[in-house]
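K.L.:
Mind docking chain L on chain B? Use the hints.
Number of protein chains: 2
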Amino acid sequence: MTTRAEILSVAAGRSLGPGPVALAVDVGGTGMKAVLFDEAGRLVEAITAPTPECADAAAGEVVDVVAEFGAEFGRTHPDHPIAEAAVVLPGIVEEATGTGVFSANLGWRNVPFARILTDRLGVATTVSHDVRAAGRAEFALAEEMPGNAAMVTIGTGIAAAIMVEGRLVSAGGFAGEVGFCEVAVDTADGLFRGPIEHIASAAAIARRYSARSGTAVAGSLDVLGAMHAGDEIAAEVFAEAVDALGAMCAQLVAVVAPEAIVFGGGLSSADELLDGVDEALRARLDFHRAPHIRRAELGPVAGLIGAGLLTRSTR
Amino acid sequence: MTTRAEILSVAAGRSLGPGPVALAVDVGGTGMKAVLFDEAGRLVEAITAPTPECADAAAGEVVDVVAEFGAEFGRTHPDHPIAEAAVVLPGIVEEATGTGVFSANLGWRNVPFARILTDRLGVATTVSHDVRAAGRAEFALAEEMPGNAAMVTIGTGIAAAIMVEGRLVSAGGFAGEVGFCEVAVDTADGLFRGPIEHIASAAAIARRYSARSGTAVAGSLDVLGAMHAGDEIAAEVFAEAVDALGAMCAQLVAVVAPEAIVFGGGLSSADELLDGVDEALRARLDFHRAPHIRRAELGPVAGLIGAGLLTRSTR
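So the sequence lines, in the order shown, correspond to chains B and L.
According to my numbering, the first sequence is numbered sequentially starting from 1.
According to my numbering, the second sequence is numbered sequentially starting from 316.
Here chain B stands alone, though its shape is the one from the complex:
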């Protein structure tokens, strides 16, 4: 899980621009992160906490943690009274109404988070989607970002933030669920055909390596490490994931034609991932524009910065 020190380090020197003192919260599958931005849009402080188990579909425990984050910043930074808040969530999030429609991992259904948190925190609270918020931050802060772009986050699952002609696409919260894109790629085990999440997510890479090698690994970064140490099975599993990501990018190109595709998540630190996707994608393109494949810059704080930006603009 991301630590307070990591958040402070990545965010150092960045600014959202002027606006209200803001609480930004990123609700993840295992951890929650909160930061306080001052009126200049600079990060003042960060807190993390484990994501609580939710007893039911109403996610009251998550609301409690967000409220506690707000209260703690109130105690520790009374000179920065929170005037606005933004919370980003996983799953299907309908931004227009601030509703957490559905989270497979955390179990909630149709929770009107924006309304509940606005009441609970006592300040206007905007709710958005974690991957779209991260995309918002990357698209806004990266240099030379074209108006048509996608940001693909590879984690336990795979999802994308899609920007079309300068606007993030939400479609009621259902856009960008690219982890679900079916791909067909050749593998050492024969043809793989199924949702890309089952071959190229961090979880799938670890699982496939463990199954094929007989060696248990904690996560996909261990597979990357093994590959760098010369492990052929690790290289094979990684190459198959990269090929599948190239196929998925070709689908993105066919539908919305982004000029840049930004990769986020731990695996995107590997040059092999970016170079391999570029090659696998170009091998599938014809008359199309090949998008620039690039690495996300904001790492684990992208969602928090994207949330912060929501307190600086009308979407």
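Taking beta-carbon pairs under 8 Å as the criterion, some of the chain B residues facing chain L (in silico):
id	residue
1	148
2	164
3	174
4	180
5	181
6	287
Stretch by stretch, here's where chain L covers chain B in the computed footprint (C-beta under 8 Å, at least three residues):
id	region
7	182-195
8	242-256
Keep in mind that the hints were calculated from the coordinates and are not lab data.
These figures come from a predicted structure and were not determined experimentally.
For glycine and all other residues, C-beta sits at the position ideal for the given N, C-alpha and C.
P.N.:
Frame of chain B, contents of chain L only:
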């Protein structure tokens, strides 16, 4: 090819709404169609002509035919002097500059049609893409069309007009090239894996039926006819195309989550196509919203009406 009588019949009773007297031209792979709209936005007359062979990448012959359409309406309808024009083209069309970037079938490259035609016709001329223009018309005139929708046209190739939150997506002319989406579907010949155009376009359906049955057919509607007459190979080829279209629709859903997918082109007249795609798509969806699969209403005049609408609005 569409006849004048068909155009007049489909367009009867429809109106673009008030605006300038307008020339609308649809440049197809084999035929060109032109209509004259009056100030009330009603269709006055239609003309068709074969699409000329182009000697080079400048497409001067196509420009000549458009100019001749304008001149003929000038002679036959001197009471309706053309005040504005819109021309829709196949291939890659960049609307912002009115450029025909690329047409595989007609051979042009980077032709500044809007500028050339504005000079030649002596009235402001807008240039757009045939499939996006058809989508514009279907989206604008059909009842209860959601803001997130796609229109898939099945012809010699397959392409889509994509509407995101009420706006057509162009991405420099490269969006919606869904014929290129790779799909993997089981067929009687084993696994098909490749661009959907190679299995589900009208041309592919005819070609695959001819190859598998040993009986030459003129086109995909003959395959549909054979299927209705109980031909099992025709039913098989058609079912494989429909399954592939369902896979492609699942990709559209994963990326932009349309709430409606409208099918155009001759094959969309078959209930089996719409029902089959709906079934094949739903079999692939999980937590997603299943889009409503519907039939285009404007048939072969959708592109002309979409062109006409461009003279009624600022895009």
